[in-house]
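Put together the whole structure using the sequences plus the hints.
Per the working numbering: the sequence shown = residues 3 to 860.
Hints listed in this document are in silico derivations from the structure and should not be mistaken for laboratory results.
Do not rely on the hints blindly, as some may be mistaken.
Stated by the list, open to error - With a cut-off of at most 20 Å between alpha-carbon atoms, the simulated DMTMM-like pairs for lysine to aspartate or glutamate come out as follows:
#1 K768 to D838
#2 K764 to E733
#3 K573 to D433
#4 K764 to D818
#5 K44 to D210
#6 K118 to E142
#7 K768 to D818
#8 K561 to E531
#9 K63 to E79
#10 K100 to D25
#11 K11 to E205
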Amino acid sequence: MTNHTAKLKIAVVDLETTGPHFDQGDQIIQIGACIIEDGQLKHEYSMLLNPERSIPLTIQKLTGIEQEQADQAPKWESVASLWYERLKDCLFVAHNLKFDLTFMQAAFAKAGYEFKPQALDTVILAKVLVGHASGFNLLELSKYYGIAFEDAHDAIEDARVTAVILNQLAGEVLKLSNQKLRDLAPLVRLLPGETEHFFQAAECYRWDCQIYLEHEEPIKRRTPSPLAASTGVLADRLIETFHKWPRLWIEPSDFPLSPQVIEAVIGQMMQDGRNVLLVVPHNYQLLQWQHLIREAASVFAEEGLIIRKPSNYLHLQAFNQLLALNFTKLNQTEQISLASTIVWLTHTQTGDFTELNADIQIKFMFDKYCHARDFNGPHTFYERALDRVQSQKIVLMNQWDYGAFGQKEERALLYAQDRVVMLYDMAEMFDTMTQQQSVLLPLSQFFTQIRRYLDQYYNDLAFQQQLPNLGRRLNRLLDSLNQLLETAGLYLQETYSKESAYRGYHERYLSLEADLHADFASMLSRLFEEIDGLGRIHQIQEFLPDLLDDLHLWQKLAKQIQALPSKNFWKVSGEHMNAQFYRVSLHCNPLIFKDTQLNTLREPHSILCISLGDSYLLRQRGVDALIQKDELHFIRLHQSAPHQPLDIQVPLSYIGEAFQTPVDDANAMAQFINDEREQLQEQIVIICNNLTSIETIYQALLRHETLLVNDTILAQGVSGSLNKVRRRSMEGKRQILILHRTSFKNSWWPYRQQATSVLLQKLPFKSPDEPLVQAMQKLSSGERTFEVFDDILLPNMMQNFKELLNQLLYSFQAEDFFLFDERVYTKAYATRFRKDMQAWASFRTDQAFDYTNTQGDR
3 MTNHTAKLKI
13 AVVDLETTGP
23 HFDQGDQIIQ
33 IGACIIEDGQ
43 LKHEYSMLLN
53 PERSIPLTIQ
63 KLTGIEQEQA
73 DQAPKWESVA
83 SLWYERLKDC
93 LFVAHNLKFD
103 LTFMQAAFAK
113 AGYEFKPQAL
123 DTVILAKVLV
133 GHASGFNLLE
143 LSKYYGIAFE
153 DAHDAIEDAR
163 VTAVILNQLA
173 GEVLKLSNQK
183 LRDLAPLVRL
193 LPGETEHFFQ
203 AAECYRWDCQ
213 IYLEHEEPIK
223 RRTPSPLAAS
233 TGVLADRLIE
243 TFHKWPRLWI
253 EPSDFPLSPQ
263 VIEAVIGQMM
273 QDGRNVLLVV
283 PHNYQLLQWQ
293 HLIREAASVF
303 AEEGLIIRKP
313 SNYLHLQAFN
323 QLLALNFTKL
333 NQTEQISLAS
343 TIVWLTHTQT
353 GDFTELNADI
363 QIKFMFDKYC
373 HARDFNGPHT
383 FYERALDRVQ
393 SQKIVLMNQW
403 DYGAFGQKEE
413 RALLYAQDRV
423 VMLYDMAEMF
433 DTMTQQQSVL
443 LPLSQFFTQI
453 RRYLDQYYND
463 LAFQQQLPNL
473 GRRLNRLLDS
483 LNQLLETAGL
493 YLQETYSKES
503 AYRGYHERYL
513 SLEADLHADF
523 ASMLSRLFEE
533 IDGLGRIHQI
543 QEFLPDLLDD
553 LHLWQKLAKQ
563 IQALPSKNFW
573 KVSGEHMNAQ
583 FYRVSLHCNP
593 LIFKDTQLNT
603 LREPHSILCI
613 SLGDSYLLRQ
623 RGVDALIQKD
633 ELHFIRLHQS
643 APHQPLDIQV
653 PLSYIGEAFQ
663 TPVDDANAMA
673 QFINDEREQL
683 QEQIVIICNN
693 LTSIETIYQA
703 LLRHETLLVN
713 DTILAQGVSG
723 SLNKVRRRSM
733 EGKRQILILH
743 RTSFKNSWWP
753 YRQQATSVLL
763 QKLPFKSPDE
773 PLVQAMQKLS
783 SGERTFEVFD
793 DILLPNMMQN
803 FKELLNQLLY
813 SFQAEDFFLF
823 DERVYTKAYA
833 TRFRKDMQAW
843 ASFRTDQAFD
853 YTNTQGDR
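This is the structure in structure tokens:
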């Protein structure tokens with residue numbers, strides 16, 4: 003298409019099908035098309051088709067198209083000529099073009115027509131032009147542009163919304179300067195279809211769609227959860243305590259502090275003229291807090307600046323290196339990411355990579371193609387962020403960036419102006435510190451690298467003549483690595499099970515001091531000796547500089563291990579696939595932190611550390627030294643219940659018969675939901691402890707046809723990522739969500755006023771085989787009578803259970819709770835558990851139970 007001013011006839015098309023695979027028999031069941039010509043919407047066409055096969059119930063539920071309707075619709079062969087005439091002279095536009103065009107071409111070919119239109123994909127356009135959008139599906143983009151979208155998965159409605167999005171994206175191109183268009187030209191030229199023409203002649207894609215853009219989203223105010231009440235008194239007590247001890251570690255005695263309490267504390271501090279640095283565990287919490295601060299403008303009167311470590315900001319000198327690459331050698335994702343970043347730089351004020359959608363992989367490209375040593379010019383965006391810190395009353399950081407933030411002088415900027423540092427969730431903070439100060443030895447990766455270098459050596463005769471013994475020494479190093487890898491694989495295999503692994507990842511505690519694991523210590527020692535010897539051969543630089551760099555890196559890792567505190571712990575990890583372990587690594591982790599490793603707690607003038615009920619084990623890891631030196635004051639904060647005790651039902655009749663015959667968890671839960679569906683709330687949220695359980699429960703639910711027909715069932719990892727499940731959950735009402743507990747805890751679910759039933763699969767116990775648990779057992783066993791279950795696993799489970807309930811109440815309008823775990827009655831710890839939880843929740847069963855008939859095992 004070369005005539006940039008020619009009037010276009012555009013067909014914006016959307017299909018609904020029986021499934022995603024035409025080559026496996028899936029067929030079209032609905033076509034919707036909007037025909038745009040001369041800047042006007044000329045025609046809208048919508049037609050149901052008879053697929054001549056059954057339509058899966060999930061598709062009927064998704065599209066609203068029932069089997070009977072489709073059976074009465076025309077067959078494709080009878081209408082193919084009609085649709086060919088409608089579309090043959092049009093530019094074919096679709097959202098996710100490959101899907102719609104593949105089906106249309108195959109359908110036309112079946113009817114004897116060759117269909118090869120010029121085509122355009124609005125997904126690619128959206129990724130390039132609005133790479134900062136929260137998502138690139140029709141629902142997310144319609145929200146971004148304020149487009150009314152009432153009937154998703156109806157073909158004509160989807161086509162209409164796609165047409166409006168096409169118009170808006172053309173408007174984005176028209177906002178770009180000529181220089182930006184010139185910068186983009188070599189990249190969009192490589193993108194499929196008519197992408198290049200779209201950027202050259204965007205005005206041709208505009209049409210009069212104002213009527214669809216007059217939709218205004220209602221202003222959504224935050225609806226307080228049940229935890230929002232009675233926060234003022236608790237916040238006042240916390241502030242009063244902090245005034246006495248401005249370097250304070252505080253732990254609530256019974257209940258995790260809700261976000262509303264923290265919000266009230268920050269507001270009071272600001273009214274007192276204090277600036278605040280709030281440090282939270284995860285990125286999603288940064289956005290959540292920024293959202294809360296923006297809503298509470300009457301209290302905070304500012305947005306809250308998010309500050310990150312330098313590598314989270316785009317370095318312009320490094321970006322210029324990317325622009326100098328040969329674009330034809332990049333894959334399509336990289337080409338789109340680079341083009342998207344060029345557009346993003348026209349409006350970003352921060353240069354913070356997290357503004358971009360995760361699909362825009364520009365940060366990955368920096369890591370792949372750029373080396374920090376190659377640029378030393380000014381880091382403009384990072385320096386601008388540091389400058390802004392000085393004028394901000396509220397600064398937000400995640401724990402990882404706080405622990406890794408700059409040099410001491412840069413960290414001092416965070417503490418200046420009497421800024422109060424609030425560290426929220428000290429257990430997560432210590433996990434972060436452990437990861438940051440651990441030493442990772444990637445054995446599999448190093449083995450692959452050495453084998454590659456050995457191949458290069460044997461293919462270079464001059465190299466062999468210069469260093470005739472290097473091949474033998476590299477083979478010896480390879481043998482040492484292979485021996486370590488085989489031993490580590492066998493060691494991992496001993497305790498591996500699908501239930502214990504997270505997506506195939508497995509790890510195991512390794513005590514190098516124990517006789518059982520002495521082989522690891524001796525093999526590792528030999529490995530470092532080999533590396534040290536090779537690293538001294540400077541002639542390698544002439545032939546294989548990368549090999550010398552890698553050897554020096556491993557020498558550095560060996561020194562880091564020596565610098566760790568004497569009390570540390572080792573673990574071995576790997577990913578399991580096809581009965582083998584890959585990506586095997588050794589990890590050396592600090593167990594007891596030195597004073598110098600606690601600078602993030604020691605440096606601030608005013609600091610408020612908040613733990614959620616798990617300080618005992620944390621204090622053993624070195625913090626008690628700060629408390630004993632009066633560098634931190636520790637206090638437990640007693641508080642009244644923020645809500646009435648929750649009523650948690652334990653449906654024993656579904657879990658097992660008289661606790662003698664185990665019942666499959668998934669089938670029991672699915673049967674319960676099917677039997678009680680009309681008594682449960684419209685939305686059901688199921689929380690699972692592992693991903694294997696999610697899939698098992700999902701399959702069990704699908705076996706109940708009533709649920710399949712009447713409910714939308716969304717399972718994390720099955721229906722899509724957690725973010726996708728969250729987005730899709732906003733569309734419907736009667737639905738069942740199956741979520742992974744840890745993922746849910748580390749995500750943000752905006753509070754929604756929809757009555758919800760919560761089903762908890764099991765109590766959230768840690769495994770006694772977790773490396774840190776075993777290391778803490780070893781640390782404590784010589785000091786006093788110590789029991790792993792009573793001192794670590796049970797308290798940790800109860801704390802996790804409280805935090806889970808806390809987040810569920812903050813995320814959903816939870817009306818009733820069900821726990822599918824008979825252990826709250828049957829185990830020796832059951833009475834202790836229910837007593838500890840009595841301020842939080844009361845438990846009741848659906849059948850009589852003899853409380854004296856408890857089991858002693860755990």
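Outcome of the hint check:
no.	hint	result
1	K768 to D838	holds (18 Å)
2	K764 to E733	violated (28 Å)
3	K573 to D433	holds (15 Å)
4	K764 to D818	holds (16 Å)
5	K44 to D210	holds (11 Å)
6	K118 to E142	violated (30 Å)
7	K768 to D818	violated (26 Å)
8	K561 to E531	holds (12 Å)
9	K63 to E79	violated (26 Å)
10	K100 to D25	holds (14 Å)
11	K11 to E205	holds (13 Å)
In the structure shown, a violation is registered for the earlier hints numbered 2, 6, 7 and 9, in ascending order.
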